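Undergrad: Line order of the protein sequences matches chains A and B.
Letter 314 of the first sequence, counting from 1, is numbered 314 in the working numbering, and no numbers are missing.
Letter 102 of the second sequence, counting from 1, is numbered 102 in the working numbering, and no numbers are missing.
Just so you know, the hints here were simulated from the structure itself, not pulled from any lab data.
Check each hint, because a few of them may be wrong.
Computed beta-carbon distance windows for the label pairs [claimed, not checked]:
| id | chain 1 | residue 1 | chain 2 | residue 2 | range |
| --- | --- | --- | --- | --- | --- |
| 1 | A | 80 | B | 5 | 47 to 55 Å |
| 2 | A | 56 | B | 279 | 54 to 62 Å |
| 3 | B | 45 | A | 194 | 56 to 64 Å |
| 4 | B | 62 | A | 31 | 55 to 63 Å |
| 5 | A | 31 | B | 472 | 39 to 47 Å |
| 6 | B | 294 | A | 203 | 45 to 53 Å |
| 7 | A | 30 | B | 294 | 50 to 58 Å |
| 8 | B | 408 | A | 407 | 52 to 60 Å |
| 9 | A | 80 | B | 191 | 56 to 64 Å |
| 10 | B | 62 | A | 493 | 30 to 38 Å |
| 11 | A | 451 | B | 408 | 52 to 60 Å |
| 12 | A | 30 | B | 106 | 39 to 47 Å |
Quick list of in silico lysine-lysine cross-link-like pairs, BS3-like style, CA-CA up to 25 Å [as the list claims (entries may be wrong)]:
| id | chain 1 | residue 1 | chain 2 | residue 2 |
| --- | --- | --- | --- | --- |
| 13 | A | 112 | B | 363 |
| 14 | A | 30 | B | 363 |
| 15 | A | 112 | A | 30 |
| 16 | B | 363 | A | 169 |
| 17 | A | 169 | A | 112 |
| 18 | A | 169 | A | 30 |
| 19 | A | 304 | A | 407 |
| 20 | A | 455 | A | 432 |
What you are looking at is a predicted structure, and each value in this text was computed from that prediction instead of being measured.
Using N, Cα and C, we set each Cβ at its ideal position, and we do this for glycine too.
The lines below spell out each chain.
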Amino acid sequence: MTVFGLPILSVAIWLPIIFGLLVLATGDDKNAPLARILALIGSVLGFLVTIPLYTRFAVDTSEMQFVEMHDWIARFNIHYHLGVDGISVLFIILTAFFTPIVVIAGWQVIEKRVAQYMAAFLIMSGIMIGVFAALDAVLFYVFWEAMLIPMFLIIGVWGGPNRVYAAVKFFLYTLLGSLLMLVALIYLYNQTGGSFSILDFHQVEIPMTAQILIFGAFFFAFAVKVPMFPVHTWLPDAHVEAPTGGSVVLAAIMLKVGAYGFLRFSMPIAPDASHYLAGLMIALSLIAVIYIGLVALTQTDMKKLVAYSSISHMGFVTLGFFIFNAYGIEGALLQMISHGFVSGALFLCIGVLYDRVHSRNIADYGGVANTMPVFAAFFMLFAMANSGLPGTSGFVGEFMVILGAVKVNFWYAFAAALTLIFGAAYTLWMYKRVIFGAVANSHVAELTDLSSREKLMFAVLAIAVLVMGLYPLPFSEIMHVSVNDLLVHVARSKLPL
Amino acid sequence: MNMDLMTNLMPASAEIFLLCMVCVILIADLLINQQGRMLTYMLAQLTLLGCSVITVGTHEPGVVFAFNNLFVDDLMSDVLKLLTYLAVSMMLVYSRQYLMVRNLFSGEFIVLTLFATLGMMVMISANHFLSLYLGLEILSLSMYAMVALQRDSAVATEAAMKYFVLGALASGLLLYGMSMLYGATGSLELGVISNAIQYGVADKNLMVFGLVFIVSGLAFKLGVVPFHMWVPDVYHGAPTAMTMLIGSAPKLAAFAFATRILVEGLQPLVEHWSGMLIILSVASMAIGNLTAIAQTNIKRMFAYSTIAHMGFLLLGLLSGGVEGYGSAMFYAVIYVLMSLGGFGMIMLLSREGFEADTLNDFKGLNQRSPWLAFMMLLLMFSMAGVPPTVGFYAKFSVLNAVVQAGYLWLAVAAVLFSLIGAFYYLRIVKLMYFDAPESHAPIHCSQDSALLISINGVGVLALGLLPGALMSICAVSVQQSLLLF
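Please build the complete structure, drawing on both the sequences and the hints.
TA: This is the structure we're talking about:
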């Protein structure tokens, strides 16, 4: 489907990439102002073109919408096949929404190789939209892997002191998962009799052993990205070393890609294995929620704390998926979007402090509220949202997942609900140590409050967090039909008779 | 001239033209001094261009045999020859300046390059053990001499010696195997051998005995484990231009050589040789990728990476069918493209009295030249098989063939070794982008090689975005040439 004669999904993918290449072409740091402005224009345009995806989305069907289909590699029956349903559309908008914010966040902070930095984010934004929009498995895989390259460079070039280790760890960890997925995709291609369409994969019958192996291969790919316990260890490293923009994109979008993979691949392609292994998945999710929550409590580095908090919150998401009911999955999806806003905002908050003091240690702060009152207010809102306070976006998803979990097993819900306590504990305790109290040292005393550029950035996110917390209907109504349809599909066995 | 002679000469006209031109260049080069050497160079390029025109012009549909079935002209041979001309021509462009500053840009170099090309062409078009062996030796002898061209360099001489001794051993193994097959079937012609085995005329034990030697000889020439010992030393010791020649176009010829022998000649013995190839291929991927990690010299690293790549190529061959052979051919073509770029970059960064052949020479390249660093990034990710570069599709099509042939475990092993491989390619990217440069010496590269590396790097990306056409060409040519359905 086209809007104003334009294939809207293709535009959403390629516009940022083309702008990224233009930014790259501005060359060295002499042209940095031009690179920044071009990047801002590109990212804002990139966001604007995704708005019709929301306004023209038909909420009463689970069919793929805005579909584009062209031959790509005829020899393997691979198509350039794009489309969105209620599950994927919001993530595309979320991705496009975060690109301008990342560009603004890096406006002054990034001083070396500005053009390459901005270009990397724009190109990555296009690629991530491609991941959410692809309906052909090879196209999906190409976008999925291509995502690694800009992120690898972002962490490695603009990251902190231990950036090389973190970048290589990030790359190899995720590549391992992806390569096993590739074998699974090729196996499915041969099972369907020569189709790489994801929708055909959903229909093909697969025996149980094969389903479990396929589920395992997908699990490696997606669990690493989510990340789930026990393959989460790359995330704290990557987050700590990445520049602020990199952390924001990692937390807000890239982790969602893994969770999205479970919904688009693992569950509908291998439903019997999904049910069979649900207990394991729930156990891993609950370990992430509780154990990683406790780990977060002990962190002394703010970025690490938020990174662990992300893992813990993503545990909620995978829990919501594998309890197989509408509350669970919708709650998980809402949680993913909310976590995108909240964790992105928290990393930006830490970035604001880091830019001024060049430290992420909680111990180096104290009494920031005295010198940065506006910042403290915004930080408060996002900290509350992270601990799931009603009225903020963080509450909606967690509440629905707990509600869904109660229907399956009270103790699942009980364990999951502990996160409300842990989340509040680690977030608010960090907030208290950083923001309140007497001015701790001369660095804090010299702090200047938010600039108008930063205020704009936080105001937009604050509105998003509050709107989603107070009135989540516009978000949930979009996914409703698709989620129900997915549940019906997953409930049907795909074992050959 | 009678018609019979013409029908024989037509399919081989490109080879004949090349041979005549080599003689002309050899004589012409005697009459010019070092300043006029560009003339020789231009003549060589024109010769390759002329060969392409002839190859395209004399193309006929179907399979044409000539010289009493010694020689075959089919779609696969034409496609591979065209790509060989391209690879050799690119190699000449890349190495011109490099050789000039080292006083190696001589007539001998160009003549030997063209002779090597002739050898590859004969290998590609051979349909008979005699012509296969003839082509192989023309290629090998030219290359032994080229490696030794830098007479005052001890490493180069040592490399040439090793190359020669081990190459001769491999030729001996091949010849021994061929003689066994001749003894068993009474013919050296591939088609006749194939029929003889199929109809049970030949002694099976003798055949399998010969096969072992043939496969060992092939493995030597391809440089796969455990016959790989010469590869790192030769790659390292030879001047980079020669390394580039060894590491690029001959892989196409080697692919043709292996397919002609194993598929056209020994297809009925597939159950025997596919098992051998599995061992060779897994061992190559394992040892190649693991050992490459430990290298500090980038030429040695590429040598081990070649071993791993050849292991991957064998996976395609052993899977069989249009999928298998087509994917192996595609893999060979893509490998050549990437390896040209990789060695080209080493030569671009080298300058008078300085070889940019250690990993540290790539440190901070992004700060010295962002464009070259970006090209190298594309080439490295392509070698690692990361989309959207074309290296991914090469791996993808081979894996697809492997899965279709039912070797799921082999596919899993292959991706795991690719993961190990990704590490050392990634290290180059890391050095270029994350580290500070060791030297700030300006990069002097000639316009033509800078343009070529750009085409090469962007080509890796562009082919990655639209790989369909090349994949189909490879599949169609093996299908028509090997008469597969």
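Undergrad: Against this structure, judge whether each hint is valid.
TA: Each hint, compared with the structure:
{"no.": "1", "hint": "A:80 / B:5: 47 to 55 Å", "in the structure": "holds (52 Å)"}
{"no.": "2", "hint": "A:56 / B:279: 54 to 62 Å", "in the structure": "holds (58 Å)"}
{"no.": "3", "hint": "B:45 / A:194: 56 to 64 Å", "in the structure": "violated (43 Å)"}
{"no.": "4", "hint": "B:62 / A:31: 55 to 63 Å", "in the structure": "holds (58 Å)"}
{"no.": "5", "hint": "A:31 / B:472: 39 to 47 Å", "in the structure": "holds (42 Å)"}
{"no.": "6", "hint": "B:294 / A:203: 45 to 53 Å", "in the structure": "holds (48 Å)"}
{"no.": "7", "hint": "A:30 / B:294: 50 to 58 Å", "in the structure": "violated (41 Å)"}
{"no.": "8", "hint": "B:408 / A:407: 52 to 60 Å", "in the structure": "violated (39 Å)"}
{"no.": "9", "hint": "A:80 / B:191: 56 to 64 Å", "in the structure": "violated (43 Å)"}
{"no.": "10", "hint": "B:62 / A:493: 30 to 38 Å", "in the structure": "violated (51 Å)"}
{"no.": "11", "hint": "A:451 / B:408: 52 to 60 Å", "in the structure": "holds (57 Å)"}
{"no.": "12", "hint": "A:30 / B:106: 39 to 47 Å", "in the structure": "holds (44 Å)"}
{"no.": "13", "hint": "A:112 / B:363", "in the structure": "holds (17 Å)"}
{"no.": "14", "hint": "A:30 / B:363", "in the structure": "holds (23 Å)"}
{"no.": "15", "hint": "A:112 / A:30", "in the structure": "holds (10 Å)"}
{"no.": "16", "hint": "B:363 / A:169", "in the structure": "holds (20 Å)"}
{"no.": "17", "hint": "A:169 / A:112", "in the structure": "holds (24 Å)"}
{"no.": "18", "hint": "A:169 / A:30", "in the structure": "violated (33 Å)"}
{"no.": "19", "hint": "A:304 / A:407", "in the structure": "violated (34 Å)"}
{"no.": "20", "hint": "A:455 / A:432", "in the structure": "holds (22 Å)"}
Going down the numbered hints, you'll see the structure goes against 3, 7, 8, 9, 10, 18 and 19, while the others check out.
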